[in-house]
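Given chain A's structure and the hints, the job is docking chain B onto it.
These protein sequences, in sequence, are chains A and B.
Read in the working numbering, the first sequence has 388 at position 258, and its numbers run on one by one without any break.
Read in the working numbering, the second sequence has 133 at position 3, and its numbers run on one by one without any break.
It should be emphasised that the hints constitute simulated quantities derived from the structure, not laboratory data.
Be aware that a few hints might be false.
[Unchecked claim] Derived DSS-like pairs (lysine-lysine); straight-line CA-CA distance at most 25 Å:
id	chain 1	residue 1	chain 2	residue 2
1	A	Lys288	B	Lys492
2	B	Lys443	B	Lys535
3	A	Lys426	A	Lys354
4	B	Lys535	B	Lys417
5	B	Lys417	A	Lys268
6	B	Lys426	B	Lys238
7	A	Lys288	B	Lys288
8	A	Lys268	B	Lys492
9	B	Lys288	B	Lys354
10	B	Lys492	B	Lys535
11	B	Lys288	B	Lys320
Chain residues, written in single-letter form:
There are 2 protein chains.
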Amino acid sequence: MEAKLEYVLTRGVAEIIIREELYRLLESGRPLRLKMGFDPSRPDIHLGHVVGMRKLRQFQELGHQVVVIVGDWTAQIGDPSGTSQTRPMLSAEEVRDNAETYMQQFFKVVDREKTELRWQSEWFGDFRLADVIRLTSKFTVAQLMAREDFSRRNAGGKPIALTELLYPLLQAYDSVVVRADVEFGGIDQKFNCLMGRDLQQMMGQPPQQVFLMPLLVGTDGQQKMSKSLDNYIAVEEPPENMYGKIMSMPDRLMMDYFELLTDVPDLELARIRADLENQTGNPMAVKKLLAQDIVKQFHGEPAAVEAASHFEKVVQRGEAPEEMPVISVSELHQRISRDPAARREAGILGIVDVLVATDLVKSRSEAKRLIRQGAVEMNGRRVVSEMSSLDRVPAGDGTTLRVGKQRWLRIVG
Amino acid sequence: MEAKLEYVLTRGVAEIIIREELYRLLESGRPLRLKMGFDPSRPDIHLGHVVGMRKLRQFQELGHQVVVIVGDWTAQIGDPSGTSQTRPMLSAEEVRDNAETYMQQFFKVVDREKTELRWQSEWFGDFRLADVIRLTSKFTVAQLMAREDFSRRNAGGKPIALTELLYPLLQAYDSVVVRADVEFGGIDQKFNCLMGRDLQQMMGQPPQQVFLMPLLVGTDGQQKMSKSLDNYIAVEEPPENMYGKIMSMPDRLMMDYFELLTDVPDLELARIRADLENQTGNPMAVKKLLAQDIVKQFHGEPAAVEAASHFEKVVQRGEAPEEMPVISVSELHQRISRDPAARREAGILGIVDVLVATDLVKSRSEAKRLIRQGAVEMNGRRVVSEMSSLDRVPAGDGTTLRVGKQRWLRIVG
Chain A
131 MEAKLEYVLT RGVAEIIIRE ELYRLLESGR PLRLKMGFDP SRPDIHLGHV VGMRKLRQFQ
191 ELGHQVVVIV GDWTAQIGDP SGTSQTRPML SAEEVRDNAE TYMQQFFKVV DREKTELRWQ
251 SEWFGDFRLA DVIRLTSKFT VAQLMAREDF SRRNAGGKPI ALTELLYPLL QAYDSVVVRA
311 DVEFGGIDQK FNCLMGRDLQ QMMGQPPQQV FLMPLLVGTD GQQKMSKSLD NYIAVEEPPE
371 NMYGKIMSMP DRLMMDYFEL LTDVPDLELA RIRADLENQT GNPMAVKKLL AQDIVKQFHG
431 EPAAVEAASH FEKVVQRGEA PEEMPVISVS ELHQRISRDP AARREAGILG IVDVLVATDL
491 VKSRSEAKRL IRQGAVEMNG RRVVSEMSSL DRVPAGDGTT LRVGKQRWLR IVG
Chain B
131 MEAKLEYVLT RGVAEIIIRE ELYRLLESGR PLRLKMGFDP SRPDIHLGHV VGMRKLRQFQ
191 ELGHQVVVIV GDWTAQIGDP SGTSQTRPML SAEEVRDNAE TYMQQFFKVV DREKTELRWQ
251 SEWFGDFRLA DVIRLTSKFT VAQLMAREDF SRRNAGGKPI ALTELLYPLL QAYDSVVVRA
311 DVEFGGIDQK FNCLMGRDLQ QMMGQPPQQV FLMPLLVGTD GQQKMSKSLD NYIAVEEPPE
371 NMYGKIMSMP DRLMMDYFEL LTDVPDLELA RIRADLENQT GNPMAVKKLL AQDIVKQFHG
431 EPAAVEAASH FEKVVQRGEA PEEMPVISVS ELHQRISRDP AARREAGILG IVDVLVATDL
491 VKSRSEAKRL IRQGAVEMNG RRVVSEMSSL DRVPAGDGTT LRVGKQRWLR IVG
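Isolated chain A, as found in the complex (with noise of 0.2 Å):
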């Protein structure tokens, strides 16, 4: 057990305030209440998400409670890091399905039966500008505008919302309701966090700790995994794009995603890392582990391995995979006969317009770049010329279209 709480306190940890204070509080045997938002205007997990779940899921295991509060009040403002605008208040229902939708991915991670969900709205919903005030008048603006993205945003004179600095008035309320012994976030929360902490003493409870993580970074390798950024794998996404986003991501990013979304040992990933850097390790088998790791979390082991399969078949040996979609010719001339751009020659299905007609091209010149780059393939054979057309489908496994390394599609009769 001891061996247990060294690691859950250790892996993938960026920060805990007060790092002795939550230790005491961890032996003392009381299961813990731990606290994490949630903003339900973005009701997609994402891997980047996972980092902070696995850590809760790690201290149910210890047996504590998790508190997951919906912010649907706090959404209302939207976190402002960077923005300045309030976003239109999501409707009840509205919330309503994403709290659910978002629930249903959490528990793939966090154990269901050891969680709490509250909404904001229980306690703001009811909340005056007589509340207001007595919460307002408990911090000044200095020790709100010296929060890092606040002072950037002020000193290159950029407009904060008033209402931006009662985001991390109102996320500190949320402690002092739920009576947190112990909130999660990203290192990015670290202040709003700490907000929590200074209120509850204000109002006669003991300081919550603070548990921050490292920001996963996203598949580009660049920033934060966020959906607006689009370098994200969705907890949702299908085994073979989850697998094959993994693969394609820079191999420098392994590490991370191994140290913050799997089990494998500390000592084991140091003879990985050892081995990669001394260059005895091959990347690319490396990264297949850790994709095979992630899809079986999220898909369980045959979903893993099919993935696998597919991957090096497909990607790899550039061969056609087992499924890919389907269309009938019938459907494709329906389809080309809304085009008014399409060629409009009597039975003849042109290349161009099939592939805008199937989605596999955003558009007739990306098509067209894409023949002239040999990036298309009809029955495993390049086409070459943009005036090229489908003339007969045979019967049976019909006409298969490749675009790129990925995109298949087949026609049938």
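What follows is chain B alone, placed relative to chain A:
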């Protein structure tokens, strides 16, 4: 009428925003809604407030409507001009009592028939977090921190409670609710009044005009008149005190008081000013004119005449006033017997004990100092020793005590 309008728009005005627009509104012939706020935690009206009230009265005489806002919500936050503490909420009863006290005094100057009384609690009592978010989203931190006192305190490292930034927003919202055409205030209210203009426009109303008046310097000749600085003349002050306080203030304040607190015509004021500058006028005579004018406004002509004669007799000629406080010898003995520091000689009323027991002085040491300075008289004769005593109090007029120029007391058998 044109001359009157001209007078109203120029006499005792610090700034009008926007003068041309206000002029156009006045010309439209529609009765305008003239907003002025009041802080119900400070129900006592002094001459500093009268400056604005007189201006409202002048507008009423042109047919316009005054709207007084009882700031029962902003009073909780406190006018953030230096301090950063929020005050305890006044009880509804206290607010009602204070508003009644205030309005009684207010209507000594302003026409009750053309005044509408509104309470912030009408709209803020049910103001919720969602409303606060909507309101705060319209303004940036930088906009608010541009307010002179905020930026000064911020630069000086003095704390500004987040709540204080809400103050101008609430005041602005009042303007929206009452659909103010013009807001009146001292020049130190400029920022807050301009916020009202902005908010009205954001909420689809025509922006109010802002009518700002100079701040009246208090009787110390140094700072803005205010109760807390004890440099004020209250509207409720008895005629003699009011007269005496005006007479004792520095001469250089006279012309401002004439301009802001009397209807003495501008031409006449120019003449008085010139006489004073050329030293052909008598400052004392001019000040008496001022004192009599102001006392007359609040207490009527006979009281003003009496106050003037009291001043001349008691202060200028040092004669005993018509009336003075009276105490009996037996009451005096009783009070002294409760004073542990008093002389303990049977039947003797020591002068120091008497001065202390009758509150003519604040302490034994003040009594001794004044006696040494020759500032204490008994029946018109200077008391030379602190060991003096009142032996026998004659029947009839008794014994008269005088301390300094104006403190009188009669002791009767």
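Evaluated hints:
| no. | hint | in the structure |
| --- | --- | --- |
| 1 | Lys288(A) / Lys492(B) | violated, 59 Å |
| 2 | Lys443(B) / Lys535(B) | holds, 11 Å |
| 3 | Lys426(A) / Lys354(A) | holds, 23 Å |
| 4 | Lys535(B) / Lys417(B) | holds, 19 Å |
| 5 | Lys417(B) / Lys268(A) | violated, 49 Å |
| 6 | Lys426(B) / Lys238(B) | holds, 12 Å |
| 7 | Lys288(A) / Lys288(B) | holds, 24 Å |
| 8 | Lys268(A) / Lys492(B) | violated, 41 Å |
| 9 | Lys288(B) / Lys354(B) | holds, 22 Å |
| 10 | Lys492(B) / Lys535(B) | holds, 16 Å |
| 11 | Lys288(B) / Lys320(B) | holds, 22 Å |
Checked against the numbered hints above, the structure breaks hints 1, 5, 8 and satisfies the rest.
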